[in-house]
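Number of protein chains: 2
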Amino acid sequence: MPETSRRPIAIEGVLADYGRLIDTALDRYLPAEDAPPADVYRAMRYSVFAGGKRLRPILVIAGAEVAGAPSEAVLPAACAVELIHTYSLIHDDLPAMDNSALRRGRPACHVVFGDAMAVLAGDALHAYAFELMARNADVPPCTPARVLRAIHALTVGIGSGGMVGGQVLDLQAVRGVPGRKSAAGGSQGARDEDAVREIHRLKTGALIRASLRIGGVLGGAGEDDLAVLDRYGEHLGVAFQILDDLLDVVGESGKLGKGTGADAEQSKVTFPSVFGLERSRRLAADATHDAVRALTPLGPRGAHLEELAAYLLERDR
Amino acid sequence: MPETSRRPIAIEGVLADYGRLIDTALDRYLPAEDAPPADVYRAMRYSVFAGGKRLRPILVIAGAEVAGAPSEAVLPAACAVELIHTYSLIHDDLPAMDNSALRRGRPACHVVFGDAMAVLAGDALHAYAFELMARNADVPPCTPARVLRAIHALTVGIGSGGMVGGQVLDLQAVRGVPGRKSAAGGSQGARDEDAVREIHRLKTGALIRASLRIGGVLGGAGEDDLAVLDRYGEHLGVAFQILDDLLDVVGESGKLGKGTGADAEQSKVTFPSVFGLERSRRLAADATHDAVRALTPLGPRGAHLEELAAYLLERDR
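Protein chains in written order, with my numbering: chain A, 1 to 317; chain B, 1 to 317.
Hints are computed from structural coordinates only; laboratory data are not their basis. These figures come from a predicted structure and were not determined experimentally. Do not take every clue at face value.
Pair ranges (Cβ atoms, derived) [to be verified]:
1) A:Ala227 / B:Ala38: 26 to 36 Å
2) A:Arg104 / B:Ala38: 27 to 37 Å
3) B:Arg282 / A:Gly220: 29 to 39 Å
4) A:Pro300 / B:Arg106: 19 to 29 Å
5) A:Asn99 / B:Arg106: 51 to 61 Å
6) B:Pro297 / A:Ala101: 55 to 65 Å
7) B:Leu247 / A:Ala227: 30 to 40 Å
8) B:Asp138 / A:Gln188: 15 to 25 Å
9) A:Glu314 / B:Asp194: 30 to 40 Å
10) B:Ala32 / A:Ala227: 23 to 33 Å
11) B:Glu33 / A:Asn99: 20 to 30 Å
12) A:Ala101 / B:Val112: 41 to 51 Å
Positions of the beta carbon are idealized from the N, C-alpha and C atoms, including for glycine.
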């Protein structure tokens, strides 16, 4: 089947190139492990270089590409969103939160460095992300006004109306806020379906949308293109989260690097637990299709984003 | 003694006016408690409106005043530093960190809302602070370039080279990193003295310095004035921290709102524990004197900052 296999191979090379570019930049931007206070830098680097896929920084770069800007023009901001993502994982894994001992196949940050250092490493990454955002103003063709707009997009994506808000809803759902767990029957089921969509639209989707918008804004995209990126990001976020949930249920443990079934153990509200496996797969395919369709106005400028969406869907196969 | 009592009364009125201005702005900027996800907004507001003195936002306003800018011109940024300060207190009080059940005379955030919600409320305040910083660009006479410079100053002040770095050092000191606790004798004592200075220069001083610089930058201060603000902030930060440590030892419990002696209970590295009470008092007076002297180049434009330093010293009397 050479027809279907060609596309993933092409985008895989692009993703690998971007991944290396981002890893090199992260290594350059983050302070060395022996700089004082060394412990927190070790904890920060441990989690940043734990083998993430760099999806969010890749989306920043791809968003800038749509506006014709080179990846180098948004590299600080691309790294910034990865630091934000990493901080959120470190805090999420804390005993007070999801209490996950494993992350990406390795002991979680707090297991290695202690709970207090994990809180502080997350806080330091959070702050440092905004330092990198500000530093993006030094890279042409960026302007201070564009960077400020990108910073605003980031804060909206990660605050109480975005990523953190989604974690709050997730927490409430796990801890048995009325309307959860008894997923049987009509209106109760509908409420659960709405809940899982809303949790993930904020918890995962908001930073994915913000990443694309940050890239577009910094690259100088017009309002029409930004609207396209927003719509694409909305659907891609849904597809990504469903596929992530599915991998937790059916994937090999090594593939995601956390114990398979970890979500179920914690009574997490996931797409498979609410919609079932088959319907979740269909929803992921639909969302991918919607994401790709949203790109139509971009013409060939949307090629990488289209291939990326298709590639994520293939992960599940 | 009418001569000495007149000054504190004048600055007390100014501080009260600024405090009201800041409280009103914070109330306007923070989302309402019934907005979803309501729990996190309740936790955020609980800690923001727990009766803080608003010292840091007042320093932002005072920094802008030096450049001739009105307080309204820096109000979003002034509130932003208070949100940062609040987030740091919430995370500091967590069981995994200082494990403080009381803050400003009331149960700490995590005691009321749970550890997970306290982590998230801190994270949300952290992110929201940068949203407010970005929004300061909408207020004349600010420009995007000034706001970006102010954001950079904030990130440097609160990251691993500033506030969070100080918390890391503090944590290591409490948990018995070699060179602590046995404060007897020559070189060991000198190391302890250096350690307590460095911890507090970062943990408390960095945000105080950043607040003054943010106000100066946003207000349009020139490089000479910014250098004056930096020097003043350096000394004021030292004075403030010593006085805070002293109040913990000798103040009435109600005055600071945390249990008196809490630092000693946690084997915290404090100025009184390392330098003794009398020498700490002298160091605070010296630092206040140095702060005031640093203001000389400003002439009458430094009047409020001078009175503020003198007022903080009087707190201890």
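Hints violated by the structure (listed by number, smallest first): The structure breaks hints 3, 4, 5, 7, 8, 9, 12; every other hint is satisfied.
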